[in-house]
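Given chain A, work out where chain B should sit, using these hints.
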Amino acid sequence: MREITLSQAVNEALAEEMRRDPTVFILGEDVAEAGTPFKVLSGLVEEFGTSRVIDTPISEPGFVGMAVGAAMTGARPVVDLMFGDFIYLVMDQLCNQAAKQHYMSGGKLTVPMVLRTNLGATRRSAAQHSQSLQALVAHIPGLKVALPSSAYEAKGLMKTAIRDNNPVVIFEDKLMYQDKAPVPEEEYLIPFGVANVKREGRDITLIATSSMVQVAEKAAALLAQEGIEAEVIDPRTIVPLDEKTLLDSVKKTSRAIVIDEGHQSYGVTAEIASRLNEKAFYHLDAPVVRMGAMDVPVPFSPALEDLTVPTPEAVAAKARSLCAGEMTDAA
Amino acid sequence: MAKPKTNTEDYLRMYAQMVRIRTFEDNANQLYLSAKMPGLTHMYSGEEAVAVGICEALTDSDRITSTHRGHGHCVAKGAEFKAMFCELLGKAEGYCRGKGGSMHIADQSHGNLGANAIVGGSMGIATGSALRAKLLGQDDVTVCFFGDGATAQGLMYEVMNMAALWKLPVIYACENNGYSEYTKTEEIAAGSIIARAEAFGIEAHQVDGQDVLAVNELTQKLVARARKGEGPFFMELMTYRYHGHHVGDINREYYRSKSEEKDWKDNRDPIIRFRAFLVEQGIATEAEIEAMNAEIEKDAAEAVAYAEKAPYPPAHEVDMHVYAE
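Those protein sequence lines, which keep their order, are chains A and B.
So for the first sequence, my numbering puts the first residue at 1; every next one is plus one.
So for the second sequence, my numbering puts the first residue at 1; every next one is plus one.
Chain A on its own, in the form it takes in the complex:
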């Protein structure tokens, strides 16, 4: 199978959906000729023109609000939010407006829009361009949240997101834009709420999202050298969450670590760990452990920044200790 980058995969998904459906359009800062600072959208304006690939002023609440209105009246906007950190700027439009229209109207209005943005530290971009804020939006009923972990997921989830009749937030790992993965030439969609078992194992389950899937896979490879077989699962969407696949795995392995690049406290890892505790407690041989980013603003200095995110070595060490029946530190 051919291999393409995550960036190309997103670009292909958008182009295919824009060809298929004339109501799909892109709105955001420097999306047209510039193709975004990450060049993810390069070439789309040439095919679809500036009426469907629309450069906006630097007015995040304004253009996200406009996407909500366009979606409520028959279009399918894909909003480009240059950095995930800018979600704080658009919280009212996303969480008070987009997320609640369907419910507040008793099901009469719908908001089929996609907000594509990114996450991930270790790009030396400091505290306001490095955050992983998926927990913030996953907390809000009415929003769906997709976290692609490779080019394959990025394409299939984007196409599903565009066809979904709800507001969907997709976080791409900005360090992964140039990473290649096998992506079929023929059309495919990845349904929401279906986790992907990336690697099977019987000793411990590593549930990892987005940027952390690679970390978990590397940890699993390290553990395999010592005879510990880790199962690696990528939920792919955290809202909706494929609880069954996660529970089935944990019931089999009886141990789990949940890894996500958002801050550890009150985060995605805590939510998933809590569900496993509530629904698989009597199958567990060890506490479910969370591994998120440290609870500090992301520092600039590489010497400090690299300490803040889970690494394969740290995940392997924690897994080793759980499998050995050692007590884990209280958080």
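Bear in mind the hints are in silico, worked out from the structure with no lab data behind them.
Note that CB positions come from ideal geometry on N, CA and C, so glycine has one too.
There could be a bad hint or two in this list.
[What the hints assert, rightly or not] Interface residues of chain A toward chain B, partial, derived using beta-carbon atoms under 10 Å: (1) Arg19; (2) Thr23; (3) Ile54; (4) Glu60; (5) Ala75; (6) Pro77; (7) Gln97; (8) His102; (9) Tyr103; (10) Asn165; (11) Pro240.
Just chain B, lined up with the frame of chain A:
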């Protein structure tokens, strides 16, 4: 009053719509005072000529966005009393199945994109609706209702900038009722409100919001031009709210005097003014007008009685409509 139109039916409908709004609000206030209505509500009484003058210039395919003070917009855009009172009381037959209530009330089938309880929160939605019209080659116009208080929100300037850049078919309708909640507008708004729109190159008009014909005539012209791609436009409608910020805001002399309220009610009431005009022009007699009023009051009383007896939504609906299929 502005110069007369020739269509008697239009005039009578505009009058009836204004009275329907006032009557709806009088009943809503009674429901609140008698503790039959959950929560609270924001009365539109006094501002009827704004909603009616504007919505009578729109078709069903034109969209509006409304505010926390949204009953007037809802009636003016074509809603029925029964489903409105049901919504107010949280009943299943309400326009939003009881999930929205007073602050989110809307008859979506007539192009009302919802009442919004975040001040200024719908400005992006209205402008986005206009962007959709332009993108898809549709000829509808969107009117964004908001109060003077919302002119303090940054979102307004972001979306007016884009609407002007892209010539979107949106009309910003600022209902200036003189008060931003409990604070005089002059204390929260520096300079001129219409000058702010003009700074973006948006044609802006200030109009007497108590004169339904003046509002209607201006809106008709602006809507026709917006349909031809000459938008956006901005209107500042000078009006007054008779009640407090909400129904519980009863003792309000610390921010505005009773004599000021009396002056607006006695001398500038949009319904009294238009009624006098209809009689003076021979369009309707006092008796015909009284009959219309009585008919509307009867409709409202029946709708209230219906809503009071109507069932609440069943418990299983609590987690319905979180996500669309």
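Does A/Tyr103 pass the interface hint, meaning its C-beta sits closer than 10 Å to a C-beta of chain B?
holds, 5 Å
Restraint satisfaction for A/Pro77 [CB to CB of chain B, less than 10 Å]:
holds, 8 Å
So, A/Thr23 near chain B? Judge it on the closest CB pair being under 10 Å.
Holds. Min distance 7 Å.
Tell me if A/Gln97 is really an interface residue toward chain B, meaning its C-beta lies closer than 10 Å to one of theirs.
It holds, given that the least Cβ distance between A/Gln97 and chain B is near 6 Å, below 10 Å.
Once the shortest beta carbon distance from A/Glu60 to chain B is found, is it less than 10 Å?
holds, 8 Å
Can the hint on A/Asn165 be confirmed by a CB-to-CB distance to chain B that is less than 10 Å?
Cβ of A/Asn165 sits 4 Å from chain B, so the hint holds.
Restraint satisfaction for A/Pro240 [CB to CB of chain B, less than 10 Å]:
holds, 8 Å
Would you settle whether the hint for A/Ile54 is holds or violated, based on the nearest Cβ-Cβ distance to chain B being less than 10 Å?
holds, 8 Å
Let me know if the C-beta of A/Arg19 comes in closer than 10 Å to any C-beta of chain B, holds or violated.
For A/Arg19, the interface hint is violated, since the closest Cβ of chain B sits about 16 Å away, which is over 10 Å.
Take the shortest C-beta to C-beta distance between A/Ala75 and chain B; is it under 10 Å?
holds, 4 Å
Closer than 10 Å between Cβ atoms is the bar; does A/His102 clear it against chain B? Give me holds or violated.
holds, 5 Å
Hint 1 alone, counting from the list given before, is not met by this structure.
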